[in-house]
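Given these sequences and hints, build the entire structure.
Number of protein chains: 2
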Amino acid sequence: MTALQERRPSLWRMLVGKPLATKDLPHQAVSRAVGLAVFASDALSSTAYATEEILVILAFAGSAYFGISIPIAFAIAVLLFIVTVSYRQTILAYPNGGGAYIVARDNLGELPAQVAAAALLTDYVLTVAVSISSGVAQIASAVPQLHDRRVELALFVIILMTIANLRGVKESGRLFAIPTYFFIFMSFTMLIVGAIEVALGRLKPVTGVQMIHHDVIEPLTWFIVLRAFSSGCAALTGIEAISNGITAFKEPRSRNAAATLMVMSTILVTIFVGFTLLANAVHALPSHQETVVSQMARAIYGRENIMYYATMLGTTLILLLAANTGFADFPRLAALVAADGFLPRQLTIRGSRLVFSVGIMTLGVLAGILVVFLQANVTLLIPLYAVGVFLSFTLSQAGMVVRFWRAGKLKPGEKVTNEVTTLEHFPHWRASMIVSAVGATATCIVMLIFAITKFTSGAWFIVLLIPTMVYMFSRVHHHYKDVAQRLSAAGLRLKRGVRHVVSALVLVDDIHIGSLRMIDYAKSLGVKWRAVHVAINPAKVEKIQRKWQERVGEGELTILESPYRQLIEPIRDEVQRELEANPEGYVNVILGHLAMDTFWEQILHQNNAYIFSLALQNLDRVVVTTVPYQCHHHEETNGNGQHKNNGNGLPPEVEVKETAETQQSDS
Amino acid sequence: MTALQERRPSLWRMLVGKPLATKDLPHQAVSRAVGLAVFASDALSSTAYATEEILVILAFAGSAYFGISIPIAFAIAVLLFIVTVSYRQTILAYPNGGGAYIVARDNLGELPAQVAAAALLTDYVLTVAVSISSGVAQIASAVPQLHDRRVELALFVIILMTIANLRGVKESGRLFAIPTYFFIFMSFTMLIVGAIEVALGRLKPVTGVQMIHHDVIEPLTWFIVLRAFSSGCAALTGIEAISNGITAFKEPRSRNAAATLMVMSTILVTIFVGFTLLANAVHALPSHQETVVSQMARAIYGRENIMYYATMLGTTLILLLAANTGFADFPRLAALVAADGFLPRQLTIRGSRLVFSVGIMTLGVLAGILVVFLQANVTLLIPLYAVGVFLSFTLSQAGMVVRFWRAGKLKPGEKVTNEVTTLEHFPHWRASMIVSAVGATATCIVMLIFAITKFTSGAWFIVLLIPTMVYMFSRVHHHYKDVAQRLSAAGLRLKRGVRHVVSALVLVDDIHIGSLRMIDYAKSLGVKWRAVHVAINPAKVEKIQRKWQERVGEGELTILESPYRQLIEPIRDEVQRELEANPEGYVNVILGHLAMDTFWEQILHQNNAYIFSLALQNLDRVVVTTVPYQCHHHEETNGNGQHKNNGNGLPPEVEVKETAETQQSDS
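The listed protein sequences correspond, in order, to chains A and B.
Numbering-wise, the first sequence is residues 1 to 667 according to our numbering.
Numbering-wise, the second sequence is residues 1 to 667 according to our numbering.
Among the clues, some could well be false.
Since the list gives no way to pick out one identical chain from another, each pair is judged satisfied if it fits inside one copy or across any two copies.
[Claimed, not checked] Straight-line Cα separation of at most 25 Å, DSS-like style, residue types lysine-lysine; simulated pairs:
#1 Lys495 <-> Lys657
#2 Lys657 <-> Lys540
#3 Lys481 <-> Lys657
#4 Lys495 <-> Lys543
#5 Lys495 <-> Lys528
#6 Lys657 <-> Lys543
#7 Lys481 <-> Lys543
#8 Lys540 <-> Lys481
Simulated from the structure, these hints should not be mistaken for laboratory data.
Given the structure is predicted, the values throughout are model-derived calculations rather than measurements.
Put into C-alpha cells, the structure is as follows:
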C-alpha cells in the first residue's frame with residue numbers, strides 16, 4: 001500500500017498546461033517562404049505606425065507640411081537599403097546565428113556585448129508595448145466603442161500573450177504564415193486599389209478625422225524634420241530578426257536566410273513608402289481617435305466595406321504577431337546573458353513547458369507597466385523605442401568591421417575557429433568592411449539624431465537606462481564569480497568519521513494530529529529533542545500543557561514568553577541559547593505544515609515554514625525541517641474512515657486513549 | 001565563541017522600521033476637540049468633491065440647470081440630519097464601539113453582519129481611492145503642470161501611505177488636528193469672504209474653465225435629478241467613523257462621542273451647503289482640469305493669492321488624512337472578520353510594528369488597482385462608492401430597530417449583557433425605534449436610488465461584488481471549521497515507545513562547501529542516508545562523481561536521469577521508491593540553501609528550497625530539511641581567513657586534503 005496521493009491539477013497547471021518533454025520541441029527547418037512569415041512580422045508590422053508617427057511630429061509645424069513625409073520616407077528607404085546590405089554580410093558570416101549580442105561579444109569584447117544586450121532587452125520590451133498598443137489602436141479605430149478601453153485591452157492582450165507563451169507557443173511556421181501573408185496581401189491590395197483610384201482621379205480626401213492638437217504651432221525647422229525622420233525610423237525595427245534566427249532555415253542556411261532578408265526588405269520598403277504616399281493622397285491626419293491605416297482604408301473602401309475590416313484585421317494580426325516575437329526573443333537573449341553570468345541564473349531555467357518562464361513573466365510585467373504608464377499610446381512609446389534598436393545595429397555592424405579587418409590580416413588559406421564561427425581570409429574583405437562601416441556610421445548617426453531630437457520626450461530614459469543596466473550586469477557577474485570562489489571546495493574534503501551533535505526543537509502551536517506527526521518524526525530521528533510553544537496568547541498556555549500531558553505524555557514542553565506577540569524573535573533567542581550550549585553541533589528546528597489539496601485552501605493557512613526558514617537562514621548551523629501533514633477532504637481518504645494508513649483509520653503514530661478525554665471542541 | 005551573525009538591516013526593515021513592543025501602543029483617551037480632528041476628516045473631506053459630482057450629473061441636462069444643485073444640497077442636509085440623530089443612538093448604546101459589523105452581528109445575526117462587513121471593506125478601499133484621487137485633483141488644479149501625471153501621483157501617494165502605515169502611524173491626535181482644523185478654518189473663511197463679496201455685489205463669475213463635455217445633452221428628467229442627488233450623497237460618507245472609535249474618547253465616552261458627532265455633522269452640513277451655494281454664486285463648472293473648490297477659491301481670492309494656495313493645501317491635506325483613515329479602518333475590520341473565521345487568518349497577525357500588515361498591503365494593492373483602472377478620476381469612482389456606505393448605514397440602523405424592539409420587550413429593570421453590550425428596558429424605546437427605523441428607511445431608499453441610477457455607470461460592479469464577497473466569507477468559514485474538525489486529536493494520543501525508520505536523501509548539485517555542510521549534517525543525524533544528483537546537464541556527471549570521491553569519499557551518490565531537464569520530477573519519483581520500500585517510515589529530503597547577506601544577493605540564487613517543499617508537500621511522511629550555508633563577504637569573516645569557526649579558517653566539518661587536488665577552477 002502506498003501513501004502517495006494523486007495530485008489534483010492546480011490553477012497554475014490549468015493555465016500553463018501539462019509538462020512537455022524535450023523531444024516535444026519541434027526542430028524542423030523552414031523554407032524561405034515560411035521563414036519570411038516567421039521572421040518578417042516584427043519588421044513589416046512597423047509600417048502600421050511609422051508613417052503616422054512622422055505626421056505626428058510634422059503636425060507641430062502644421063498640416064501644411066505633411067508633404068515632407070514623402071522625402072523623409074525615401075530617406076528612410078535609403079537607410080533601410082544600407083542596413084539590409086550590411087546585415088546580409090552578418091548573416092553569411094554567422095551561419096549559427098548572428099544577433100547583435102553574439103557579434104559584439106565575438107568581435108568587440110565583453111563590455112560592448114553587454115551594451116548590445118541591454119539595448120536589445122529594452123528594445124524587446126518596447127516591441128511588445130508598441131506593437132500591442134498600435135494593435136489596440138487599430139481595433140479601436142475599427143470599433144470606436146473600445147476607444148476608452150485601450151489600456152485595459154492592451155493589458156488583457158499582454159496577460160493573454162504571457163500565459164500563451166508560458167504554455168509554450170509552438171513556432172509552427174504554417175500558423176504564423178497566415179497573418180503575415182494576409183497582411184502583405186491586404187496592404188498590396190490597398191496600395192494597388194489606391195493607385196488606380198488616384199489614376200482615375202476618384203480618390204477623395206478622408207473626412208471626419210479629429211486631428212491631434214498641439215498647443216503651439218512652431219515654424220518648420222530642421223529639428224522638426226529630423227525628429228520626424230527619427231520617428232519614421234521605427235519602420236526599421238525588426239529587420240535584425242532574421243540574423244537571430246538563421247539556424248531555423250533549411251540548408252544552405254545562410255544563403256536562404258540572406259535571400260529571405262532581401263525579399264523582406266523589399267516588401268517592407270514598398271509598403272512603407274506606399275503607405276506614406278497613400279496617406280498624403282487621402283490627406284490622412286494624425287489622430288488619437290483613428291489610425292492612419294484606418295483612414296486610408298476608409299478613404300479607399302468606405303467604412304462599411306468588408307475590405308475595410310479585412311485590412312484592419314490584417315494590420316492588427318501582424319502587430320500582435322510582432323508582439324509575440326518579443327516573447328520569443330527576450331527570454332532567449334536573457335537566458336544567453338544569464339548563462340554568461342550577467343543576469344540572474346533563474347532566467348536560464350526552462351520551465352515544465354520547456355520555455356524560459358522567468359524571462360516570459362519579466363517581459364510581461366515590464367511591458368504591462370509601460371502600457372499602463374504611457375496609456376497604450378504609441379506616440380508616447382516611440383521616443384523610448386528606436387534608440388536601443390539603432391544602438392544594437394551600430395554595435396553589430398561595428399563588430400563586423402572589426403571582423404573583416406581581422407580577416408584581412410590573416411594569410412590566404414589561414415582559418416581561425418572559435419565556438420561561434422570561423423574566420424578566414426577572403427579577397428574582397430576591404431569592400432565588405434566598407435559596407436559594414438557605412439552601415440555602422442549611418443545607424444550611429446540616426447541613433448544620435450534620435451537621442452537628441454527625442455531626448456526631452458522620453459529618450460532620456462533609455463539614455464540613462466542602458467548604462468544602468470550594463471552596470472547591473474557587471475554587479476551580477478561580479479557576485480557570481482565571488483560566490484563561486486567563496487564556495488569552492490577545491491583542495492578540501494569532508495572529515496571522515498566525525499559526527500556532530502544534533503538537537504531538535506519542535507515548534508508546536510496546538511496539539512492536533514499534525515503536531516503529533518511532527519513529534520513522532522522528532523522521536524523517530526533518535527536525537528535529543530524538546531517541544532517549544534510561543535505564548536502569543538497567554539490564555540491558551542494552560543490548555544496546551546494539559547493537552548500535551550494527555551496526548552503526548554513524554555518529552556519536555558518549553559513555554560516561551562512573547563511580550564511582543566511575535567513568533568519569530570522568541571524562537572530565534574531560544575535557538576541561539578541552544579547553539580551556545582552546543583557550538584559545533586546542529587540545531588534542528590522542526591515545523592509543521594498543513595498541506596491542503598488546493599491552492600485556495602493553502603493560502604488560508606499561514607505557511608509559517610517559509611517565513612521561519614527565511615528568518616533563521618542567517619544562523620550558522622541551524623537547519624529547518626518541515627513536516628507536512630496532508631489535510632485531505634473526507635471523501636478523499638481511502639473510504640474506511642477519517643485517516644489513512646492504519647487499520648483503525650488513524651495515522652500509524654496515533655492511537656485512541658484508554659481513558660477518554662472529554663470530547664470537547666478542540667479550538 | 002558563538003557562531004551567530006549580526007543581521008544587517010534589510011531593505012524591508014529600512015522601509016518599515018524596527019519592531020515595536022506592545023507597550024509602545026499609545027492608549028491615551030482623547031478630548032472632544034481632538035476626537036473631532038481624528039474622526040471628522042473622512043466625513044468633512046467629502047465636501048471637497050460632493051458639490052462637484054452633483055454638477056457633473058446636472059451637466060447632462062446642460063449648465064442652465066446647475067441651480068438645481070441647491071435644493072439637492074438641502075435634501076442631502078435633511079438626510080444627514082436623520083442619519084446623525086439615528087447614529088447618536090447607536091453611539092449611546094454601544095460604548096465599546098458600534099461599527100455596522102458589530103451592531104449587525106449583535107442584533108441581526110451572522111449573514112447581515114457579513115453583508116455589512118463586505119460593504120464596509122469595499123467602502124474603505126473606495127475611501128482611499130476617492131480621497132487620494134480628489135486630493136491629487138486639487139494638487140493638479142493648483143499646479144496644472146501635474147495634470148497629466150495624476151495617476152502616477154495617486155499611485156505614489158498610495159505607496160507612500162502603505163509604507164507609512166506598515167511602519168505604524170501613531171494616531172497622535174495633535175498631529176491629526178492640524179489639517180482638520182486648518183481645513184475647517186480655510187473653508188469657513190472662504191464661505192465668509194464669499195458671502196461678503198456677494199453682499200457687496202463684487203463677486204464675479206469664475207472664467208477660463210473648460211467644462212466637461214457630454215456627447216449628448218438630455219432633457220432634465222427626475223432620473224437625472226435623482227442621479228445628481230445620489231452623487232451628492234457622497235457627502236455623507238465617513239459620518240459613521242465616530243461610532244467605530246468611541247473607545248478612543250475620554251469618559252464619559254458615549255456622551256463625548258455623541259456630542260462630537262453632533263458638532264461634526266453641523267460643521268459638515270454648513271460647509272457642504274455653503275460650498276454648493278458658493279459654487280452657484282461663482283458659476284463654477286464641473287471640469288477635468290480644475291476642481292470646483294479651486295474655482296471657488298480662485299474666484300474669491302484670485303489665482304496668485306496666498307489664500308488661494310492655503311485653501312487648496314487645506315483641502316488636499318484633509319483628503320489625504322481621510323485616505324489615511326481607510327488605512328486604519330480596513331485592516332482593523334478585516335482582522336475582526338478574520339478572527340471570527342470569515343477571512344484568512346493572516347489578517348489577524350500584527351506584524352513587527354504592531355500593525356495588521358497583511359490588511360494594509362491588501363488595501364494598498366486594491367486601491368492602487370482601482371486608481372490605475374479608473375484613471376484617478378473621482379467621477380468614475382463615485383458610482384462605486386456610496387452603495388456600500390448606505391448599505392452599511394441601513395444594516396446598522398436596522399440592527400438598532402431590532403435592539404430597541406427587544407429592549408421594549410424586556411421588563412423594567414431587567415438586563416441582558418453579552419460580550420459587546422448591555423441591553424435594558426427604557427421608557428422611550430418606541431421613540432428611539434422610530435428614529436432608527438426612519439433612518440434605516442431613508443438610507444435604504446437612497447441606496448436603492450443609488451444602485452438604480454448609477455447601475456450602468458459602475459454600481460453594477462458593487463451590486464455583484466458584495467454578494468460574491470459574502471459567499472467567499474462563508475466558504476472561508478466552512479473551510480476553517482472543516483479543517484479544525486479534521487485535525488482534532490481529541491481522544492487520541494501518540495503511541496509510546498514507537499520509533500519509525502527515517503531515511504535521508506541529500507540533494508547535491510555540485511560539491512562545494514555548502515554541499516559538504518549538508519552531507520555533514522546528514523552524517524550527524526545518524527540515520528541511513530545517500531546523496532542524489534539530478535543529471536540535468538549529463539556532461540557534468542563525471543566531474544561530480546570525481547569530486548564526490550575526492551571530497552566526500554564515503555556514502556553513496558545516486559545519479560538520476562532527467563530527460564525533461566527537470567529537477568523536481570526525478571526527485572519525486574526517487575522519493576516515492578524510497579517510501580514504498582519503507583511504508584511506515586519517513587523520507588527526509590535534505591536540501592542546501594545559500595544564505596546571502598542581502599536581499600539583492602539572495603534573489604540571484606535559486607532558492608530551490610521553497611520550490612521543493614511545495615512540490616513534495618503532498619507526499620505523506622516526506623519531510624524536507626533545509627541546511628543553509630551562510631555565504632558571507634570576505635571582510636565579514638572574523639579576520640583570520642576565508643571561513644569561521646575553525647582554527648584554520650575552515651568550517652569544522654572540513655579539512656585540507658593531504659594529496660592536493662589540482663587547484664582548478666571549480667565551476
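Right, here's what the structure says about each hint:
no. : hint              : result
1   : Lys495 <-> Lys657 : between (47 Å within a copy, 9 Å between copies)
2   : Lys657 <-> Lys540 : within (23 Å within a copy, 55 Å between copies)
3   : Lys481 <-> Lys657 : between (59 Å within a copy, 24 Å between copies)
4   : Lys495 <-> Lys543 : between (47 Å within a copy, 21 Å between copies)
5   : Lys495 <-> Lys528 : both (23 Å within a copy, 18 Å between copies)
6   : Lys657 <-> Lys543 : within (18 Å within a copy, 55 Å between copies)
7   : Lys481 <-> Lys543 : between (54 Å within a copy, 20 Å between copies)
8   : Lys540 <-> Lys481 : between (51 Å within a copy, 19 Å between copies)
The structure is consistent with each of the numbered hints, conforming to all of them.
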